[in-house]
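Novice: Those sequence lines, one after another, are chains P and S. FYI, the numbering used here numbers position 92 of the first sequence as 92, with every residue one higher than the one before it. Count along the second sequence from 1, then add 92; that gives the number in the numbering used here.
Treat each hint with caution, since some may be false.
[Unchecked claim] Using 20 Å as the maximum straight-line C-alpha spacing, the simulated EDC-like pairs for lysine to aspartate or glutamate come out as follows:
#, chain 1, residue 1, chain 2, residue 2
1, S, K327, P, E33
2, P, K19, S, D171
3, P, K25, S, E369
4, P, K19, S, E140
5, S, K234, P, D92
6, P, K85, S, D302
7, P, K85, S, E94
8, P, K81, S, E313
9, P, K9, P, E44
10, P, K25, S, E313
Just so you know, these hints were derived from the structure itself, not from any lab.
The primary structure of each chain is shown beneath.
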Amino acid sequence: MSQLPDTAKPRLAAKVRLKWDEVRKKPLLLFPEGVLVLNPTAHEVVALCDGQRTIAEIVKTLSEKFHSDTIDADVKELLTKLIGKNFVAIAD
Amino acid sequence: METPRPYSLLCELTYRCPLQCPYCSNPINFARHTEELTAVEWERVLAEAAALGVVQAHFSGGEPLLRADLPQIVRRARDLGLYTNLSTGGTLLTEKLAGQLREAGLDSLQVSIQDADAENSDRIAGGAPSFDKKIRAAQIAKQLGFSLTINVVLLRQNLDRIEAIISMAEKLGAERLELANSQYNGWALKNRAALLPSRAQVEHAARVADAARQRLAGRMEILYVLPDYFEQFPKPCLNGWGRVFMTVAADGAVLPCQTAREIRGLQFENARENSLEKIWFESEAFQKFRGTDWLPEPCQSCPRKEIDFGGCRCQAFLLTADATATDPVCSLAPKHHLIVETLAIAESGADEHMIYRNVVESLRLQK
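Starting from the given sequences, assemble the full structure and let the hints guide the process.
Specialist: Below, the structure is given as structure tokens:
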């Protein structure tokens, strides 16, 4: 897959839901035949994939929150993976 | 090691069904289990499941749309924060019912179709003609904005139309197409001589599915499940017995997997009498094959034992009469010759006769 543009607006795919699991105290992605336990970083990113924010805005939000300059590549790598697995789509 | 908690609950709301698919995963003796849980009982089961750690409820059957209280049950599952998925044959889906399910918060809808060819789909499903109604159900689901999956169980009778099946799902606007080769337990095992494909069919379909997956990436997800008879190693039975998954059957029996009733000698507790928590952690059926300590050789010393857990318990029992045996589909299993011999017969052609899954046959076969 080619590099994701900064202006793309990622959102969760229609079949996917983000849930905080109260029993295990972990964030989960739920989809028709499975469950993905998210690590804390992935949770931060996925929670911002609302189809409104651009990737640039997501990176900016997280850079400010974590005082880090290397977030851009991490976010794009993660989103590329999630798009490849059809968990995340780019909003029209 | 601490006992894990289940993520997923399969609710087989009824064993009644207007279809008669000869590969059905319901137990052969389904007709004997007629006392269905009520909606109130299902609501309690769902609440217990959520407290136990379940995050997904899959509603199937039989045909779950035969339950007039389905929207109520789905709504309760959603109120509990569960992801809800419905597997239906589709023939009973109306716009009104689909609207009620949408409103109840159903997350995902799966419609099974038996083939892209109407006549052949009807022949496989048995009973009254169903293909046109299934197509209509898929269209209704799309109109109402559901995330739609088309499920096709692959058999000798439909594998050669894999291209047409993929393009049918594409035209219907499915987000996902599940192409799962039949698992030969229960009804499918009774009909194995008719349903089991040739190796050439399976390999052709795998190539076509793979090419389609790449062509349709980002538009329609394609899941292709290989038939375990043709593989070197067994499938990871439930990702571990009593580890992530549990089933509550129509009559309230709590099962480690929906076909576990095929294992004679295993006793199952009922959700009417005990809590899911107690059954999950303490019942004999759930503890019997949990973990890897019970595994026989060659599994016990196998580096794959945490990957496939010795394979499918139901298959081991049905083919060897010993539920603790290594799944015979494994190339290392002592009884692997059973599979080799069966495949050789399938290469030389198929039996035309099929036993349809219906009440009459269920009662006859369990005499």
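Novice: Compare the structure with each hint and give your call.
Specialist: Now the hints, each set against the structure:
1. S:K327 / P:E33: holds, 16 Å
2. P:K19 / S:D171: Status holds; Cα separation ~13 Å.
3. P:K25 / S:E369: holds, 18 Å
4. P:K19 / S:E140: Given pair P:K19, S:E140 holds - Cα atoms ~18 Å apart, limit 20 Å.
5. S:K234 / P:D92: Within the cut-off at roughly 18 Å; holds.
6. P:K85 / S:D302: Given that 20 Å is the threshold and the Cα spacing comes to 15 Å, the pair holds.
7. P:K85 / S:E94: violated, 31 Å
8. P:K81 / S:E313: holds, 15 Å
9. P:K9 / P:E44: holds, 16 Å
10. P:K25 / S:E313: violated, 30 Å
Hint violations for this structure: numbers 7, 10, all remaining hints satisfied.
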